[in-house]
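Number of protein chains: 2
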Amino acid sequence: MLVVAIDPPVREEKDKRIDILVRGVDEYVSGYKIGIPFLLKHGKQGIRRLRRLTEKPIIADLKLADIGDIMSTTVKHLANTGVNAVIAHAFVGYNGALETLVKTSMVTGVGVILVASMSHDGSREFIDKHIDEFLDLAVKAGVEGIVAPATRPNVIRYARERLGGSIKIYSPGIGIQGAEPGSALCAGANYEIVGRLITGSKNPGEAAREVREIQLKRWSKCHHG
Amino acid sequence: MLVVAIDPPVREEKDKRIDILVRGVDEYVSGYKIGIPFLLKHGKQGIRRLRRLTEKPIIADLKLADIGDIMSTTVKHLANTGVNAVIAHAFVGYNGALETLVKTSMVTGVGVILVASMSHDGSREFIDKHIDEFLDLAVKAGVEGIVAPATRPNVIRYARERLGGSIKIYSPGIGIQGAEPGSALCAGANYEIVGRLITGSKNPGEAAREVREIQLKRWSKCHHG
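Here the protein sequences line up with chains V and S, keeping their order. In case it helps, the UniProt record's numbering puts the first sequence at residues 1 to 225. In case it helps, the UniProt record's numbering puts the second sequence at residues 1 to 225.
Chain V extracted, bound-state conformation (with noise of 0.2 Å):
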């Protein structure tokens, strides 16, 4: 139900502060998330530390959108650092793109999510246009998720509707970007993607804890209230 997303800013406190964080927040999470400056700022070393340190998925969330060998080589790279999933973009297309990367994933076991719609507000100027084709994609491709953002519930029921229920639906969005803790479990979907609102605490387990209890308060009322 719960992901946390690990963004460490530039200027960080040491790469302990990881380990205290996921010691905190493990036994309250589905799984991580970890994007580019988590990869700049602390290497494959830091994800294979990370695989150590826990024993939920990781999921490297790249947003890959590039032609369908580098998508691939990057990849196989993931795969020996026990990354779970991947996350890329619908954008690229199919053909030499998401076609080589799901290949790609069935040989390595790295799933592959795709992202049919964004959080931000550019997300509507092109790629929520295509929110259609995306699902399509998605579903003719096999991948094991998509994101969707929770700060536009509407656009994760209408995936839900869309998709059914056997493609998994990732939601950020939580928290700092504005959507109450729940709403996207509420809307459809299957996991809520929290960062800073976790991981900029004081007390990252606390708050992991509180994140999912008002998951968990929400989605029994939206299920059976």
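Hints should not be assumed to be uniformly reliable.
[As the list claims (entries may be wrong)] Label-pair distances were calculated between CB atoms; the ranges are:
#1 S220(S) <-> R124(V): 41 to 49 Å
#2 E144(S) <-> N154(V): 32 to 40 Å
#3 R162(V) <-> L216(S): 50 to 58 Å
#4 G164(S) <-> E27(V): 54 to 62 Å
#5 N95(S) <-> N95(V): 28 to 36 Å
#6 E210(V) <-> R124(S): 22 to 30 Å
#7 R48(V) <-> E144(S): 45 to 53 Å
Hints were generated in silico from the structure; no laboratory data involved. No experiment lies behind these values; they were computed from the predicted model shown. Positions of the beta carbon are idealized from the N, C-alpha and C atoms, including for glycine.
Based on the hints, put chain S in the right spot on chain V.
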């Protein structure tokens, strides 16, 4: 005129390989392009090492396609490695994305190059449908360059006509991907990005010299012949 793309394969010869490569090709090239595979293989330290090996511009081709805050954090991380420019996708839009990236670019001095079109087939599925909007966005955002594929010279010609001379055009797809050296320059590109044709050669320096020679021959023909 010539930018060398360094995309290390997963099982790569020692890191020293890059030192040899750069020493061999440096006199023939205008700059270097590194991607996520390079980052995963060599980390930030690898970029710093490359920086010490050459005074030519280094372009970080991360195909950034995230919300503004994340792209901004990424550029701040890269700024202190000696990277001169980053490649980002136009399709994430301006509001809350490129708008933020361009501001950070002005503060850090790391230039922004926007993907207007790509070299693979799938580029036609979504990206190429927005080429006009992407080119207008490049002008609006005031980026230093765009990326357009050598594999589709008319896209380059079209972009050059629409952009005028102020914005640089970087063109991948030369060599293994099919386009002839010099062909993108003749279509209106400022730089041709060449990877495996040079980096895969037993003698990269000689390969770069040859590519340069073919570029100049074709270029002088199409401009004065």
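Hints and how they fare:
1. Taken as a hint, the range 41 to 49 Å holds for the pair S220(S) and R124(V), whose Cβ atoms sit roughly 47 Å apart.
2. Take E144(S) and N154(V): their Cβ atoms lie about 38 Å apart, and the range 32 to 40 Å holds.
3. Range check, R162(V) to L216(S): Cβ separation about 53 Å, and the 50 to 58 Å hint holds.
4. For the pair G164(S) and E27(V), the beta carbons lie near 58 Å from each other, so the given range of 54 to 62 Å is met.
5. Taking 28 to 36 Å as the suggested C-beta distance range, the pair N95(S) and N95(V) conforms, at roughly 30 Å.
6. Distance hint check for E210(V) and R124(S): the Cβ-Cβ separation is about 47 Å, which falls outside the suggested range of 22 to 30 Å.
7. Between R48(V) and E144(S) the beta carbons are some 36 Å apart, a value that contradicts the proposed interval 45 to 53 Å.
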